[in-house]
Amino acid sequence: MTKISLYQLFCGILFFQQGTTIIFGFSSGAGRDAWICTLLSTAFGACLVYLFTVLMRLQDGLMLTEWFPALFGRYVGVPIAWLYFVLFFYDASRIIADLKFTINMIMLPDTPEWAVLAMFMLVAVYMLFNGIEVLFRIAGILVPIVTALYALQIILLLSSGTMHADFLLPVAGEGWARIWRNVWPLSVMQSFGETLLFAMFWPLVVNRRKAAKVSVSVVFCSGLFLTVLNLLIITTLGEGVYKRSIYPTISMLRLISVGDFIENLDALGLMFFIVTTFFKLSFYMFGCVFAFRQLAFVKNDRRIIVPLAAVSYCVGITMSNDIVEHIQSGFEELQYYVWIPLMIGIPVLLLPFAWKKSKKLKEGT
Amino acid sequence: MAKSAPVIAVIALACLLTGCWSRTEVNDIAIVTATGLDRLKSGRLKVSLLLAVPRTVGNTGQGGGGELEQTSGWVVSDEGETIMDAFRNIQKKLPRNIFYPHNRAIVIGESLAKSDILAILDFFQRSRQTQMRSYVLFTKKEAADILRFKPKFEKLTAEIIKEEMKTGVNVHVRLNEFINMFLETGREAYAPRIEVVPAEVKSASKEKLTSLKLTGMGVMRGNRLIGWLNAEETRGVLWLRDEMEEGVITVDIPDERGGGKISGEVQKARSRLKVRRAGQSFIVDVRVETELDIYENQSPLSLKELNNLTYVESLFKHDIENRILTACRKAQQYETDFIGIGRSLYMTHPGQWKQHRSGWNESLRTFDFQVGANVHIVRVGMINEPITERE
Amino acid sequence: MPLRFKGSRDWKPDKSKDAAAAAPAQEEADGQALSGDLASDLATFKSCFDRLSDMVFREIRLAGPRKAALIYLDGMCDVGRIDTDILKALLQESTGQALKDAPVDAMLGRIDEQIVHAAQTTKDRLIGSIADHILGGKTALLLDGVKEALLIGTQKWESRSIDESPSEPVIRGPRDGFTENIRTNTSLIRRRLKDKNVKMEAMQTGRISKTQIVLVYVEGIADPKLVDEVKARIKRVDIDAVLESGYLEELIEDSPLTIFPQIMNTERPDRVAGLVLEGKVGILVDNTPFALVVPVTMFDLLEASEDYYQRFIPSTVTRWLRLWLAFSALVFPSLYIAITAFHQEMLPTSLLLSIAASREAVPFPAIVEAFLMELAFEGLREAGVRLPRPVGQAVSIVGALVIGQAAVQAGIVSATLVIVVSFTGIASFIFPAYSLGVAVRLLRFPLMIIAGTMGLYGILLALLALLIHLAGLRSFGVPYLSPVSPLRASELKDVLIRAPWWAMWWRPMETARMNPNRMKRGLRPRKPERKG
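Protein chains in written order, with this note's numbering: chain A, 238 to 602; chain B, 41 to 431; chain C, 2 to 533.
Since the hints were derived computationally from the structure, they do not count as laboratory data. Do not rely on the hints blindly, as some may be mistaken.
[What the hints assert, rightly or not] Which residues of chain C face chain B? A few of them, derived with a C-beta cut under 8 angstroms, are:
| hint | residue |
| --- | --- |
| 1 | Ser41 |
| 2 | Phe343 |
| 3 | Arg360 |
[To be verified] Taking CB as the label site, the calculated pair distances span:
| hint | chain 1 | residue 1 | chain 2 | residue 2 | range |
| --- | --- | --- | --- | --- | --- |
| 4 | A | Arg446 | C | Arg514 | 16 to 26 angstroms |
| 5 | A | Pro381 | C | Leu252 | 36 to 46 angstroms |
| 6 | A | Glu569 | B | Asp162 | 21 to 31 angstroms |
| 7 | B | Gln169 | A | Glu569 | 30 to 40 angstroms |
| 8 | A | Asp497 | B | Gln165 | 15 to 25 angstroms |
| 9 | A | Pro346 | C | Glu251 | 40 to 50 angstroms |
| 10 | B | Gln169 | C | Phe424 | 26 to 36 angstroms |
| 11 | A | Gly601 | C | Trp502 | 53 to 63 angstroms |
| 12 | A | Asp403 | B | Val418 | 25 to 35 angstroms |
| 13 | A | Asp403 | B | Gly412 | 17 to 27 angstroms |
Note that the Cβ used here is the ideal one computed from N, Cα and C, for glycine as well.
Build the full structure now, drawing on both the sequences and the hints.
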């Protein structure tokens, strides 16, 4: 039986929430107030994750896709559970599409997309074969390393003297409307709302009562990470450049210059990006595999790994033709038609049912 | 795991066979170290690139007999409708791929600066190869002339520009700062001006050696360059922008106190700019705190005495205040807010800024500048009594 | 029946005949007991030891007409001791009191108890096992009319004296290393750990080699489940010979297909003793100075025994240096390839120009250049090990000159690359465990290929895959990367740093869960309070 320690859970969720946002910038629409935006969405995100953990506690020991059949019976529950499988699958493919545009843009301009993605997918498939426990384990190894590099990046930025604290002023000068517009729904949903995926893995954690606490506290931690990142980016790039930048982290790292020797640290940014994206993709793929196993009654995980990975590779590579379309669909259609109903709507609806059921169970015993 | 191993092996092998897509060896790239931009009379862009020639720059340590060429740079230029277009045309002349990330400086000629700069900035932010850390400079001549300069100390002109920027006696503007000046509300852009000047002053030598010098700055209104500030005025801007790092200030001692001159070096400087509403107009309040060390004293004043020191301090104070005021007058004269007065209003009172933003540059003339400097002389050098004649 | 060759595809060993055909006579006799008739028993042994020129049959007479015979293997026995302690004693005593009126059945007992001067004696009835003991170096005494043989421990063979272990030298620490003699080796450990709970269980494996194996562990610290698992895995081994512990290593490890060693081999008794105290199991194999230790983690393999002997601050620094160099040995050449061929923007301008200048005349792409040099270096290293010592020196010097100097001057490789390769070369020898060093040196090559195809992106992904692989490995059930992953924060003080001895209260949990307490608390030395 796989067992995941609380520390590993913490690291796993942290990487998952950093995910692709670490490179695309978090609520950059709010310009120089993006950091306020991040703080606010962290607070809302924490509430949301708390809601998920309450549901988890009420449905103790069940995975997300098992909740629905358990509460609504087979005929209603199973189709809803399949919806989540599709959601995870779509999100996994979206990450592949993210990569498709990013890697070619910032790293390997002439390498064909299929090869870049195939390489990534290959490692992800290897990961899937090794099992969820190993994924959490390497999260536990990499979080301290990435955090150390993150600290190094801050030191380097400070010592290269490209930061202007006055780029942050005036605070909320464009009014709070701009901030709120970016907090809801985009920033809350992106990364924090997506944590719903971990409802697939919570049953594997050693101590579920503490797992709930850890999951909520990790939101604050990753919120802090993102706030610091936003502050760094804004003070180095300035609002004008920041708002226009598709990859603000990379632009920021390119401005580092210490003693004319330590320069162009895109590699560092790329490392953050590849590591966190890899985790996000792997977690989603594991979510898909687990959901599929449970819903389609497949006995052996290993048989479905390669087909699932292959299909999501194909979907990801054909998903959007250009980055504008990709971002547009992500920030608009996806938000309102997919994420909000599935990540907030259904869980909120679920709450009274789950509560009633657990109460009944308690009375029974 | 055991089953996936052959699959991985096969795909890894496939990767190998398909070759190296994005690979470009170091000896297949032409490293651009500086860029010059001009607008031709026909309206087209002229882009000049200063390429580093590694054979002469890097010291390979062997084949030492070969004579060192005069310069390690090579300027290539061509024209085009856009920068990218010009790049394409330059590429046709080069056997190696243009490699842009090591670009250190972007020199913009007056011809281009006076027409429209905004249009060209897009490229520098959009291209994956560009370097936001490069410095932006204006020149009165053609930008290519600056690149063509034959350096003596450094091997590359770009290095000279970078080093001169770092000395901090002039304004220095990096590309990202330059772009931000355009994008931010309430301030106009500026960039230092660089020129080729004779290395020796009033020399009898026939050989005319030249040198690169930062000779002030060019200020813009909107997207056009509208005027130049000389080195003195530029230093006023440095005080205003709180970017003063080092510099020498020389004051005249009036004849009644013995005449002569005293030079001091700025050690620490801090300035704060506040904008205050006063009726229809605004009062700009500039406060400067600075610490000086005296390095030269040609006057008979003994710096041993405290009241003499205080007196010299007051002279420095006036000098600094005057410099700052000259810079402010320049802003009023050109009607462009390169000091960022509007921005500091926006930072503190965004509401007021929104009311007054239209016609801000024109209304600068009505502003009242109140400058107050606070000077401390901290050290007086190795001696305290000046060298004077025997009595 | 068509003639079949061993190499042909459809050749299969004929299982029914295989073992029996090998030694028909012996097979029959093995199960038999001694008949009691000396002449016939001797005949059986003689046929059993047919064509063994080193076997000696010595027939004597004692106590009147009673015949006896000694059988021993020349070269495996101490002939001087047989002369003085057995033969002389027997022949002198045969006229004495001990055997005079003894009944036939008690005779062997009397000889054992009163006559033979030997510490180690046993009695046996079965011809097969007697033969095994004789082959193992014991001397058998057969007595006419007695259905038992007395086996006297007279083993002695030529062996190397205890020497400094050449593969793991230390500056501070004991200089003795294991030898080929398992008895010497057990004694080297026993001298260090004298408690009765330090068990040395003997096992045997190898159908022909009959190699002796000794499991060393501390009862009460080592997990009995682990000990049983080790025993079970060794018992499973059925092979003709175990000539070196490497045979055993490959036959009992967890993941046979990985490049990483999951079992430590060491020549140092202090190393084995130290690890055994952490609850691990040492496996000593006869005829090799390399002992095995299971289970090990990667960090065990990155630690030298000297880390524990030097003061803790230098040891900590050394550990970091080692980690850093180990990592550079893995990625440095591939980073060179990735950066010079893909990401030139990551170098400072001046460095880029220097590299570009040194590469100006080089005809190969960076990857080919690096591959050539790395291969040449590996070749030199291998040749340096194999060549006779005096020649080896010369080859290294010539190789270094030719490859380092001449290749650069000829413009075949760039000077920068030579620096990279030599640094990597040095770094690759930082590993205290040679087996891990080999793994890393080999992994460098696929990494270079990936770097040449995908640049830094490829390197990052490859390292990620490597990490996944490592995190999934286990050595005898213990995760290979513990205690870093799964994390045991308190044990990091023996991984990231080498905590001072007075702070390492606990043994590693993963192996010493039963009895984690290493020492009394509060042993930290303090300044004595001044009295008076």
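Outcome of the hint check:
1. With a cut of 8 angstroms, the hint placing Ser41 (chain C) at the interface with chain B is violated, because the nearest CB-to-CB distance is about 56 angstroms.
2. The interface hint given for Phe343 (chain C) holds, since its Cβ lies 6 angstroms from the closest Cβ of chain B, which is under the 8 angstroms cut-off.
3. Because the beta carbon of Arg360 (chain C) sits about 5 angstroms from the nearest beta carbon in chain B, less than 8 angstroms, this interface hint is met.
4. Taking 16 to 26 angstroms as the suggested C-beta distance range, the pair Arg446 (chain A) and Arg514 (chain C) conforms, at roughly 25 angstroms.
5. The hint said 36 to 46 angstroms for the Cβ distance between Pro381 (chain A) and Leu252 (chain C), and at roughly 37 angstroms that hint holds.
6. Hint check: Glu569 (chain A) to Asp162 (chain B), Cβ distance near 25 angstroms, so the stated range 21 to 31 angstroms holds.
7. With their beta carbons about 31 angstroms apart, Gln169 (chain B) and Glu569 (chain A) fall inside the hinted range of 30 to 40 angstroms.
8. Range check, Asp497 (chain A) to Gln165 (chain B): Cβ separation about 23 angstroms, and the 15 to 25 angstroms hint holds.
9. For the hinted restraint 40 to 50 angstroms between Pro346 (chain A) and Glu251 (chain C), the CB-CB distance of approximately 46 angstroms keeps it satisfied.
10. Between Gln169 (chain B) and Phe424 (chain C) the C-beta distance comes to about 30 angstroms, which sits within the given range of 26 to 36 angstroms.
11. The hint said 53 to 63 angstroms for the Cβ distance between Gly601 (chain A) and Trp502 (chain C), and at roughly 57 angstroms that hint holds.
12. The given range of 25 to 35 angstroms is respected by Asp403 (chain A) and Val418 (chain B), whose C-beta atoms sit roughly 28 angstroms from each other.
13. Distance hint check for Asp403 (chain A) and Gly412 (chain B): the Cβ-Cβ separation is about 21 angstroms, which falls inside the suggested range of 17 to 27 angstroms.
Hint violations for this structure: number 1 only, all remaining hints satisfied.
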